[in-house]
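Asks: Protein chains in written order, with UniProt numbering: chain A, 1 to 459; chain B, 1 to 459.
One should not assume that every hint holds.
So these bits of chain A aren't anywhere near chain B, every CB distance computed over 12 Å [as the list claims (entries may be wrong)]: (1) R91; (2) G324; (3) A335.
Selected chain A positions facing chain B (Cβ under 7 Å, derived; list incomplete) [stated by the list, open to error]: (4) A143; (5) A144; (6) V331; (7) V439.
Rather than coming from a laboratory, the hints here were simulated on the basis of the structure.
Note that beta-carbon positions come from the ideal geometry of N, C-alpha and C, so glycine has one too.
Protein chains: 2
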Amino acid sequence: MAQRLIVVGGDAAGMAAASQARRRRDRRDLEIVAFERGHFTSYSACGIPYWISGLVPDRDQLIARDPETFRTDFDIDVRLRHEVTGIDLDRREVVARDLAGGGEVRERFDTLMYATGAVPIKPDWAHTDAGGVFGIQTLNDGAALRDWLEAEPKPRRAVVVGGGYIGVEMAEALIQRGLTVTLVEKAAQPMSTVDEDMAELVVGAMRGLGITVRAGLSVTGLEQRDGRVSAVVTAEGPIPTDVVVLGLGVRPNVALAEAAGIPLGPSGAIRVDRRMRVPGVEDVWAAGDCVECLHRVSGMPVHIPLGTHANKQGRVAGINIGGGYATFAGVIGTAVTKVCELEVGRTGLRERDAAAAGFEFVSVISESTSRAGYYPGARPMTVKLLAEKPSGRLLGAQIVGWSEAAKRIDTLAVALWNGMTVDDMTALDLGYAPPYAPVWDPVLIAARKAVDALAALGR
Amino acid sequence: MAQRLIVVGGDAAGMAAASQARRRRDRRDLEIVAFERGHFTSYSACGIPYWISGLVPDRDQLIARDPETFRTDFDIDVRLRHEVTGIDLDRREVVARDLAGGGEVRERFDTLMYATGAVPIKPDWAHTDAGGVFGIQTLNDGAALRDWLEAEPKPRRAVVVGGGYIGVEMAEALIQRGLTVTLVEKAAQPMSTVDEDMAELVVGAMRGLGITVRAGLSVTGLEQRDGRVSAVVTAEGPIPTDVVVLGLGVRPNVALAEAAGIPLGPSGAIRVDRRMRVPGVEDVWAAGDCVECLHRVSGMPVHIPLGTHANKQGRVAGINIGGGYATFAGVIGTAVTKVCELEVGRTGLRERDAAAAGFEFVSVISESTSRAGYYPGARPMTVKLLAEKPSGRLLGAQIVGWSEAAKRIDTLAVALWNGMTVDDMTALDLGYAPPYAPVWDPVLIAARKAVDALAALGR
Numbered sequence: 001m002a003q004r005l006i007v008v009g010g011d012a013a014g015m016a017a018a019s020q021a022r023r024r025r026d027r028r029d030l031e032i033v034a035f036e037r038g039h040f041t042s043y044s045a046c047g048i049p050y051w052i053s054g055l056v057p058d059r060d061q062l063i064a065r066d067p068e069t070f071r072t073d074f075d076i077d078v079r080l081r082h083e084v085t086g087i088d089l090d091r092r093e094v095v096a097r098d099l100a101g102g103g104e105v106r107e108r109f110d111t112l113m114y115a116t117g118a119v120p121i122k123p124d125w126a127h128t129d130a131g132g133v134f135g136i137q138t139l140n141d142g143a144a145l146r147d148w149l150e151a152e153p154k155p156r157r158a159v160v161v162g163g164g165y166i167g168v169e170m171a172e173a174l175i176q177r178g179l180t181v182t183l184v185e186k187a188a189q190p191m192s193t194v195d196e197d198m199a200e201l202v203v204g205a206m207r208g209l210g211i212t213v214r215a216g217l218s219v220t221g222l223e224q225r226d227g228r229v230s231a232v233v234t235a236e237g238p239i240p241t242d243v244v245v246l247g248l249g250v251r252p253n254v255a256l257a258e259a260a261g262i263p264l265g266p267s268g269a270i271r272v273d274r275r276m277r278v279p280g281v282e283d284v285w286a287a288g289d290c291v292e293c294l295h296r297v298s299g300m301p302v303h304i305p306l307g308t309h310a311n312k313q314g315r316v317a318g319i320n321i322g323g324g325y326a327t328f329a330g331v332i333g334t335a336v337t338k339v340c341e342l343e344v345g346r347t348g349l350r351e352r353d354a355a356a357a358g359f360e361f362v363s364v365i366s367e368s369t370s371r372a373g374y375y376p377g378a379r380p381m382t383v384k385l386l387a388e389k390p391s392g393r394l395l396g397a398q399i400v401g402w403s404e405a406a407k408r409i410d411t412l413a414v415a416l417w418n419g420m421t422v423d424d425m426t427a428l429d430l431g432y433a434p435p436y437a438p439v440w441d442p443v444l445i446a447a448r449k450a451v452d453a454l455a456a457l458g459r
Numbered sequence: 001m002a003q004r005l006i007v008v009g010g011d012a013a014g015m016a017a018a019s020q021a022r023r024r025r026d027r028r029d030l031e032i033v034a035f036e037r038g039h040f041t042s043y044s045a046c047g048i049p050y051w052i053s054g055l056v057p058d059r060d061q062l063i064a065r066d067p068e069t070f071r072t073d074f075d076i077d078v079r080l081r082h083e084v085t086g087i088d089l090d091r092r093e094v095v096a097r098d099l100a101g102g103g104e105v106r107e108r109f110d111t112l113m114y115a116t117g118a119v120p121i122k123p124d125w126a127h128t129d130a131g132g133v134f135g136i137q138t139l140n141d142g143a144a145l146r147d148w149l150e151a152e153p154k155p156r157r158a159v160v161v162g163g164g165y166i167g168v169e170m171a172e173a174l175i176q177r178g179l180t181v182t183l184v185e186k187a188a189q190p191m192s193t194v195d196e197d198m199a200e201l202v203v204g205a206m207r208g209l210g211i212t213v214r215a216g217l218s219v220t221g222l223e224q225r226d227g228r229v230s231a232v233v234t235a236e237g238p239i240p241t242d243v244v245v246l247g248l249g250v251r252p253n254v255a256l257a258e259a260a261g262i263p264l265g266p267s268g269a270i271r272v273d274r275r276m277r278v279p280g281v282e283d284v285w286a287a288g289d290c291v292e293c294l295h296r297v298s299g300m301p302v303h304i305p306l307g308t309h310a311n312k313q314g315r316v317a318g319i320n321i322g323g324g325y326a327t328f329a330g331v332i333g334t335a336v337t338k339v340c341e342l343e344v345g346r347t348g349l350r351e352r353d354a355a356a357a358g359f360e361f362v363s364v365i366s367e368s369t370s371r372a373g374y375y376p377g378a379r380p381m382t383v384k385l386l387a388e389k390p391s392g393r394l395l396g397a398q399i400v401g402w403s404e405a406a407k408r409i410d411t412l413a414v415a416l417w418n419g420m421t422v423d424d425m426t427a428l429d430l431g432y433a434p435p436y437a438p439v440w441d442p443v444l445i446a447a448r449k450a451v452d453a454l455a456a457l458g459r
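Same shape as in the complex, but just chain A:
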């Protein structure tokens, strides 16, 4: 008799796991049932801001694979609009509510794949009946926001609350749609994924676009008029608006796991071993935005919800469930984004992370250009490196620049991944031609500056 894999959550991690398991075990060996409470499988949440801006015209472009593909090509019993409400580890059963048809189903499992993702952080003040307040996690969130922006009376002003990647991307999307946009950030600066000196460059670019940035300010409530949001309330007074977008980040969606007795790690997300197995809980696996993973530089568990990790982790879990062997090697915190033409990349530790991990380090900032100075389109690029002292080992890197900047972080990410020192990095054989780099690539210039900074300390 076939064994049974139940997948809880049918987005990137869950469906990657399911399809990898299927590649290795056919249906006579393994039945696969995937429960997804939403309307879609495997869509690109990261693409939503570009759909809002209109750059991506059609919602369906964001759907990587539709449920029918999983059903017919992978023989996976995908059940959309089914919310798993309970997991019984002793009886090896899940209970799911049919959100569309009503009623409840109960399914036994031999193996459980927990991939519930993350839930947006929603403060108390955001729970309101007023129209015009939007999260932006799901395609339905995006659709609701788009409808609101297009319906009469047309919103003219927007407030984005939260200045992380999604907040910044949404601020850009809304200003591109012609709204007047204010971004409110509780911390001293938005874009806290990079150090403050680098974030300043991003904030400058945002202001250049016409976005009003209000940092060091908390939203404490909403005002409404005729059932529509009319302002966000702050300690510095109300900010009038016609639409509020929440970009306050996410937390791992672990309520169900906690209730079932699946242990969490110190980050608050689910702890997994290298093969994406939940340690101490037999035949339960987890992957994606609901798990924590090893930061290879700090050695600490971290929760970094990102589609690229979810896909890799799901794949690893699925290979293992399928009887193969794969491990997830951890993360180093690489991320890229853009604010219109300004590109931002980061990898490894920021200054505060490095200090928290106990490292001593130097940090240097160097200025260079994307191309040979004389080549048309050469634009400024700022590279920041953190290097451990006295070893010179790279600990983190950040890049901000006006073109061909963001993906240069990959060069630094691979150096970091391999534990290179900044001394070693000065020798790297990187591509050189005038349209692509100065004869000393910005990465090499930055490494040389870090070497000089370490030498100046006498190490």
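Given chain A, work out where chain B should sit, using these hints.
Replies: The following block gives chain B in isolation, referenced to the frame of chain A:
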């Protein structure tokens, strides 16, 4: 009394060495004399095609640092238009001819920096009195070609001989100036710096631009009329033209070294140790396009004339001459170029190199896109990887793509530099956001495909 450093050749390598030596030793300790037979110090030869095309309007933009800067800021006695004609290692003297003023000077040295660069390969048939035949190594070459292109009667047709980087870039430059361009390549295909399957993509793009590519064809002579070149002669008949550009590559400029008894390596270039010292010849150093260096993947000495290596090597030599410590770590053959919008990157070994070095390997080609498929501007990208079997160690990589492709080679170059296996590479934490990459970056997709190919062999 001060010691004396004589620099033979005042371009990138020589002047980098001179200025690094000066940073560590002042003039009371070290006199520095630099002889340069040309009119300039430290110019960007790689930029010449873009000056010819008009993209870079002004010749002086290609000059990185003028002689006056070296004289005043670095206290280096730069003597332009002085060709060193002899080196006497026993008497520790060089003899130089003053090409402008006439006469000869004789200067003693304690330390010699040999940085004569490379000389363009010029076949017998190219030695002609006819006007309209140009090399493109020096700024004066470039100026002569520009004058020819602008003078009456205006050339309408061009033949570029040689399909390496410079040949391809010159073909593009000339077609951008509105000429009818034929590129003649002796080998079966131009762009032999990448494997034939990848070169085919480049040739396709060149043809798309309107460049006529004649491969597998040798030029054997020239025809002229009224003192002007009128055709190149080939086995398949003459190709009429108004201008001929030679892009046949370069060879190390070692005549002077050979005459002086400085030993050459197996590549025909000067052999140096890790500190850029000529082994067995006291106080003689060499760097730049005249030396050979270690290929870190094949372990063999190679001659790869490229500005980025020349700058690094010169710097290393200068630090050592200055009493510091630095080594040159070798190269892995990274290079990038473009043919209009088509970008090409390569690193490590091609198939023929890997076979020649005795490696067994698999090679895979994968197709992907530069950005998330749904993001505007996503363009196809082809990545080829060579991986050793059974180890899976990356041996080489090539990328051809329509945007954001060339500099992605750096990611692979750093992986190669660190000896990563393709298995390890599938785990890399690379930057992901829809404007910059699909959720599986092209590099990761390629690595996965290589892993699959190795697995299929049963390893």
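Asks: Does each hint hold? Answer for all of them.
Replies: Cross-check of the supplied hints:
Against the 12 Å criterion, A/R91 stays outside the reach of chain B, whose nearest CB is about 36 Å from its own CB. Against the 12 Å criterion, A/G324 falls within the reach of chain B, whose nearest CB is about 10 Å from its own CB. With a least beta-carbon separation of about 6 Å from chain B, A/A335 fails to lie farther than 12 Å from that chain, contradicting its non-interface assignment. Hint status for A/A143: violated, given a least beta-carbon distance of 16 Å to chain B, over 7 Å.
Violation of the interface hint for A/A144 is found here, the shortest Cβ-Cβ separation to chain B being roughly 20 Å, above the 7 Å cut-off. The closest approach between the C-beta of A/V331 and any C-beta of chain B is roughly 5 Å, which is under the 7 Å cut-off, so the hint is satisfied. For A/V439, the interface hint holds, since its Cβ comes within 7 Å of a Cβ in chain B; the closest pair sits about 5 Å apart.
Going down the numbered hints, you'll see the structure goes against 2, 3, 4 and 5, while the others check out.
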